[in-house]
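Enquirer: Starting from the given sequences, assemble the full structure and let the hints guide the process.
Number of protein chains: 4
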Amino acid sequence: MKVKVAINGYGTIGKRVADAVSLQGDMEVVGVTKTRPDFEARMGAEKYSLYAAIPDRVEAFENAGIKVEGTIEDLLEKADIVVDCSPGKVGAENKPLYEKAGVKAIFQGGEKAHIAEASFSALANYDDAVGKNFVRVVSCNTTGLARVLSILKDMYSLKKVRATMIRRVVDPKEDKKGLVNGIMPDPVKLPSHHAEDVKTVLPDVNIVTTAFKVPTTLMHLHSIAVEIDGDVNPDDVIARFEEEPRIMLFSKEEGFTSTAKIIEFAREYRLRYDLFENAVWRESINFHDGELYITQAIHQEAIVVPENIDAIRAMFELADKWESIKKTNRTLGIV
Amino acid sequence: MKVKVAINGYGTIGKRVADAVSLQGDMEVVGVTKTRPDFEARMGAEKYSLYAAIPDRVEAFENAGIKVEGTIEDLLEKADIVVDCSPGKVGAENKPLYEKAGVKAIFQGGEKAHIAEASFSALANYDDAVGKNFVRVVSCNTTGLARVLSILKDMYSLKKVRATMIRRVVDPKEDKKGLVNGIMPDPVKLPSHHAEDVKTVLPDVNIVTTAFKVPTTLMHLHSIAVEIDGDVNPDDVIARFEEEPRIMLFSKEEGFTSTAKIIEFAREYRLRYDLFENAVWRESINFHDGELYITQAIHQEAIVVPENIDAIRAMFELADKWESIKKTNRTLGIV
Amino acid sequence: MKVKVAINGYGTIGKRVADAVSLQGDMEVVGVTKTRPDFEARMGAEKYSLYAAIPDRVEAFENAGIKVEGTIEDLLEKADIVVDCSPGKVGAENKPLYEKAGVKAIFQGGEKAHIAEASFSALANYDDAVGKNFVRVVSCNTTGLARVLSILKDMYSLKKVRATMIRRVVDPKEDKKGLVNGIMPDPVKLPSHHAEDVKTVLPDVNIVTTAFKVPTTLMHLHSIAVEIDGDVNPDDVIARFEEEPRIMLFSKEEGFTSTAKIIEFAREYRLRYDLFENAVWRESINFHDGELYITQAIHQEAIVVPENIDAIRAMFELADKWESIKKTNRTLGIV
Amino acid sequence: MKVKVAINGYGTIGKRVADAVSLQGDMEVVGVTKTRPDFEARMGAEKYSLYAAIPDRVEAFENAGIKVEGTIEDLLEKADIVVDCSPGKVGAENKPLYEKAGVKAIFQGGEKAHIAEASFSALANYDDAVGKNFVRVVSCNTTGLARVLSILKDMYSLKKVRATMIRRVVDPKEDKKGLVNGIMPDPVKLPSHHAEDVKTVLPDVNIVTTAFKVPTTLMHLHSIAVEIDGDVNPDDVIARFEEEPRIMLFSKEEGFTSTAKIIEFAREYRLRYDLFENAVWRESINFHDGELYITQAIHQEAIVVPENIDAIRAMFELADKWESIKKTNRTLGIV
Ligand SMILES: NC(=O)c1ccc[n+]([C@@H]2O[C@H](COP(=O)([O-])OP(=O)(O)OC[C@H]3O[C@@H](n4cnc5c(N)ncnc54)[C@H](O)[C@@H]3O)[C@@H](O)[C@H]2O)c1
Ligand SMILES: NC(=O)c1ccc[n+]([C@@H]2O[C@H](COP(=O)([O-])OP(=O)(O)OC[C@H]3O[C@@H](n4cnc5c(N)ncnc54)[C@H](O)[C@@H]3O)[C@@H](O)[C@H]2O)c1
Ligand SMILES: NC(=O)c1ccc[n+]([C@@H]2O[C@H](COP(=O)([O-])OP(=O)(O)OC[C@H]3O[C@@H](n4cnc5c(N)ncnc54)[C@H](O)[C@@H]3O)[C@@H](O)[C@H]2O)c1
Ligand SMILES: NC(=O)c1ccc[n+]([C@@H]2O[C@H](COP(=O)([O-])OP(=O)(O)OC[C@H]3O[C@@H](n4cnc5c(N)ncnc54)[C@H](O)[C@@H]3O)[C@@H](O)[C@H]2O)c1
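Residue numbers (my numbering), protein chains in the order written: chain R, 11 to 345; chain U, 11 to 345; chain D, 11 to 345; chain A, 11 to 345.
Any given hint might turn out to be false.
Put simply, identical chains are the same to the list, so a pair is met inside one copy or across any two.
Said to hold, decoys possible - Restricting the straight-line Cα-Cα distance to at most 27 Å, the calculated cross-link-like pairs of lysine-lysine (DSSO-like) are:
hint : residue 1 : residue 2
1    : K199      : K262
2    : K186      : K209
3    : K262      : K57
4    : K169      : K336
5    : K187      : K262
6    : K99       : K187
7    : K186      : K331
8    : K199      : K183
9    : K186      : K262
10   : K77       : K262
11   : K209      : K331
12   : K262      : K14
13   : K169      : K99
14   : K122      : K262
15   : K199      : K331
16   : K110      : K163
17   : K12       : K142
18   : K170      : K199
19   : K163      : K186
20   : K262      : K99
21   : K336      : K142
22   : K163      : K12
Rather than coming from a laboratory, the hints here were simulated on the basis of the structure.
Expert: Below you can see the structure in the form of structure tokens.
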């Protein structure tokens, strides 16, 4: 018996999670929802059973010639779990629906941590989600940091982590919002809340963060410095990262001079150029005056996808941590 | 016996043409070349036999741990035809090599028209390339215009075509060149040379063009107005475009408000989000005061790929026009 | 006695109109308004008497330590005319206030034409505003077209004007809205409404327009082709444009390769780099196959400023057309 | 007797230094140079005596109708000091000319430190330039860091400074180079060389830096964290910054949400919107877990201008540190 998964909100994250669920042997998509009958809805309806996220919109879909099978409430009846991929803060509004329907639910990083029993990032704290009913997969930025730090904290005694996040201002599909020419400190008041979010999955890591938005759509970039007790040989870090499938190393020497080049690489191998892995610059890894330096780029649209799959497994106790991670990696082509 | 195709210059166009050739039953890739041992070279070597485009660089590839099978001259010995995908103007420098090796050659739109016996755009003038030794596939912008105009000139008597091209300043992988904040008339002197390029494949079309560069990487956009003798029902144009696989209609009503949305769509269906089709806005098609208006977006990286395949077939007389076009369409998923 | 001018909405247009009014001998600024106590409000309060555009916000200004003299209603009591520079469509909401206060009013191009008794562009139709109570200064794009066309129609018999507008997506100060990477047809349905707007000031000109938004902040660009009865010597056009102070010629040969270079020039001479003039590329002016080609860039933030001044003079019959235009030009440094 | 100043390279920095010199009572511009007869040359010739930076180009200027008074060598004969504002690395090529002519010279931050007897940043190390013949004004980024750190090191015992620089990829006038959509680590290997540059003027400060380029033209942004021995009250830092004219505080609360808003402010007060001051976000100043956080934006085109003036005074011993700084501030409107 496969776990029946509903996707509420077939947008940037929702469509990727749906496709990833479909690739698993132990779970299946029973339906996806959209609020408006646009081209994303039409694509969703071609691949999956489509439901109206907002009940009174059924007619709008029909007028647009897009078949809907019912409303979100109908869908929840068929599901064991719903992955809420609605816009930030909207998940909180949707939660009562899920409680009423008696289904488990996963929320995304746009929601506050207290929406769920546990925040989640597979490498960092898989076990915290085991058996839970409400889990929140942390944001793209937090996922990127949590992966690297959960590895480093197993290797070294981390004194303090400092990370500056240079964020893509909007996703590639966005054409109304933005920042066209400028740099935006966000938040202006420092340090930023991102550090607190990392601690929801890695409570023992001493981390401070700052964050800025810049006019690009492709990837976030993190400049990380980890103060470490004792000495570090960068080659050990490189070797360990090479072993971890969810981290991919890129070398400037090979022409990876910017996020534009990393995406050019991803376009060759993955539909939607989805880079589920942290993209770490090999030459950036250096130990200097007690601190380990790392620069990584994060494909915000894709990085949380494997985490959503692992979270489902943990919540239904379908597999233990490494068994789940390996299955997810294999099915998504993360090697 | 398959036609043996060499690709000289495994970059943006070269890698796409190589993959497209591989999908055909009547031709095969015997090797690709690169000038430098960067990540594109490594990817090329994984899929194809790699040769050094510049003979004395063989060592550089070896030092980088990328296997090369020889030089361009070695490759030409194995090939029946070379598709030159080197940067603009470099094809002209390469031509003597091809003549010496006695292979046929296709050049791209970055070369002057007189480099070849015929310029080529499949819908417009397939037959001009039949049996030829040197053919030039016209540029991405010209291909986009030629497709639409070759259809329209069969439907109507075209008096004068006016097209304004709003061009993406660089391809997505580029990170050194650009225009960050501004609009650049290019050329400043009007009208632009693009009209002359269209006439190399559609000599009877009376066309004038203007062209501008803007800070985006995804697609070019063409604003076309066709002065027509007689009356036009836009629905006829829409119906005819719907029949032509190399033209795809996009509707604002479905959420296609910009090139960003069109690419978001392509990311769902095609590796590298390659849109081999002209992307025409359905609602833009309108007849007003004697002129037919059309707005289309052109995915510059992909649009010439089917044309290169058809050109090979024409040059070796492997198929007639519609047989070739249909084969190419079917293998590339153009429906 | 100077005409007493109130500025309702001290934003991009409002602050420029206020400064321009201050430079005239026959009018003066009696106050400006803002809705929120931000830095633009503080700058406004330093130079002018500041009033709250929304009555119940007075306290917010006081809390922020910015002195306000009262509300918009208080300001209107002191004014002979209000220049409404509120955001598009808001002018229509404000109009009843002005009627109640019995003051004349000027609206900007973001309002529908029927808000006023006449639309206005100084070179095109100064006399239409003479003595009127409600006048609308046409938009930045329309002003740019109207200037060039009002000159050309005096020189030649214009058969048909075709203009493609490549628009800056947002003003430089904007950091929430935008289009980061893409091109947006706006409107998608063609031709665009801009042609109708031109006809509000040049009713006899046969014009069609198309318009697109691109990710830049500096200037709009217009690609214009004017079908003309008879022959045109481009040098005559250049000579005439050189005589007209509100048109400035820029030459590619001198390094003006894009709007970025034009703004670099303007930064040397004008505060806020305000280019009140149409920036026409000299080399773009060409006559080809019955059509006169012109490429111009429009500094959207500045171009309507002289028009607002002239409109005030016309409405109060302070000067006739050329007397007003000359005064405005001289005081604003337009030579 | 005024010090006679030649400007070699009338570009972004050169034109600003020339204007700043002109505003001083104790120095004057005897001439400026350009390599090509473009619009910047024409503007230079209107304000100053223009010379050809490359001797055999005199004719090119004449052909373009721009009057030149001679070559750089002629100019050096008239000068007591030359401010070299040629592109990075070119200053080193020019140095022999200056030595031959026996004039003092100032170089800019694009040159290596060893080109001069001392690197210079007025607040940090004015006295190091006193009486010297060759001085290098440090780069825009280093100037921004040096100002803030020279103040902080007088207030506190600084243990370690960490700074991440998010750099505008090109200046506003540039339209050929760039990065259109992406983020570029530059350098990839960490930490970056900028820290060493800071130490040329503040040798005792323990600093590490990382740097990235992003697609914007307006300003650089620095995210700074200063580890401090002892406790810090952020209000003390704010109070001290408020006293220092070369630092300007900007508040998010007033609407300064990004560099776009800061430039909008500068456009109101300064020609070319030159912000000679560090733009520090007031709300960013915070002390957290032993570290003082500061976010600042740097107008790269303008920030080194006052430093060049002070360097001239130091080299000719025209004034002591604070006397010079005060004169420079007063004349440039830095309050
Ligand atoms: N895009 C990213 O980079 C990214 C990365 C990690 C996490 N997230 C988080 O994922 C969540 C989804 O973001 P996204 O980028 O996919 O957004 P999106 O806007 O692309 O998709 C959201 C989808 O939700 C639908 N929706 C809107 N209102 C809804 C409602 N009331 N109920 C159900 N569905 C509704 C919309 O139709 C849309 O399809 C957010 O919490 C976001 O913070 C986004
Ligand atoms: N990119 C586009 O949008 C586009 C669209 C249509 C046509 N074209 C045309 O296609 C051609 C290739 O352009 P591209 O965008 O693929 O360029 P590219 O820079 O992406 O690729 C060019 C490749 O040629 C190789 N090369 C360089 N020098 C060479 C030499 N001397 N001999 C052989 N190979 C060499 C480079 O290693 C590189 O891999 C040009 O003529 C261009 O005008 C480009
Ligand atoms: N910015 C341009 O490029 C441009 C060019 C030509 C014409 N216009 C037109 O000028 C008008 C103003 O545009 P802008 O760019 O200056 O906008 P803006 O947003 O820069 O300024 C608008 C100002 O109006 C104020 N405001 C908001 N609500 C108000 C209200 N109810 N009453 C009074 N004031 C209010 C705001 O505080 C703000 O200061 C619009 O009609 C616009 O279409 C703008
Ligand atoms: N632009 C900035 O943001 C910035 C900030 C701080 C320091 N700098 C430094 O200032 C220096 C000048 O940079 P810029 O931005 O003003 O460059 P720029 O390109 O704007 O100006 C350089 C000028 O030098 C002239 N020139 C070229 N070759 C020359 C030669 N051989 N001799 C004399 N003049 C020559 C050019 O005509 C041009 O006018 C560089 O060292 C740069 O690193 C630049």
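Enquirer: All hints, please: hold or fail.
Expert: Status of the hints after comparison with the structure:
no.: 1; hint: K199 x K262; verdict: between (34 Å within a copy, 9 Å between copies)
no.: 2; hint: K186 x K209; verdict: neither (33 Å within a copy, 29 Å between copies)
no.: 3; hint: K262 x K57; verdict: between (39 Å within a copy, 22 Å between copies)
no.: 4; hint: K169 x K336; verdict: neither (30 Å within a copy, 44 Å between copies)
no.: 5; hint: K187 x K262; verdict: between (32 Å within a copy, 18 Å between copies)
no.: 6; hint: K99 x K187; verdict: both (18 Å within a copy, 20 Å between copies)
no.: 7; hint: K186 x K331; verdict: neither (40 Å within a copy, 41 Å between copies)
no.: 8; hint: K199 x K183; verdict: between (29 Å within a copy, 21 Å between copies)
no.: 9; hint: K186 x K262; verdict: between (34 Å within a copy, 14 Å between copies)
no.: 10; hint: K77 x K262; verdict: between (48 Å within a copy, 20 Å between copies)
no.: 11; hint: K209 x K331; verdict: within (20 Å within a copy, 48 Å between copies)
no.: 12; hint: K262 x K14; verdict: neither (43 Å within a copy, 34 Å between copies)
no.: 13; hint: K169 x K99; verdict: neither (33 Å within a copy, 41 Å between copies)
no.: 14; hint: K122 x K262; verdict: between (37 Å within a copy, 24 Å between copies)
no.: 15; hint: K199 x K331; verdict: neither (37 Å within a copy, 34 Å between copies)
no.: 16; hint: K110 x K163; verdict: neither (40 Å within a copy, 60 Å between copies)
no.: 17; hint: K12 x K142; verdict: within (18 Å within a copy, 59 Å between copies)
no.: 18; hint: K170 x K199; verdict: both (20 Å within a copy, 21 Å between copies)
no.: 19; hint: K163 x K186; verdict: neither (41 Å within a copy, 37 Å between copies)
no.: 20; hint: K262 x K99; verdict: between (38 Å within a copy, 24 Å between copies)
no.: 21; hint: K336 x K142; verdict: within (21 Å within a copy, 54 Å between copies)
no.: 22; hint: K163 x K12; verdict: neither (35 Å within a copy, 56 Å between copies)
Of the numbered hints stated above, those contradicted by the structure are hints 2, 4, 7, 12, 13, 15, 16, 19 and 22, listed in ascending order.
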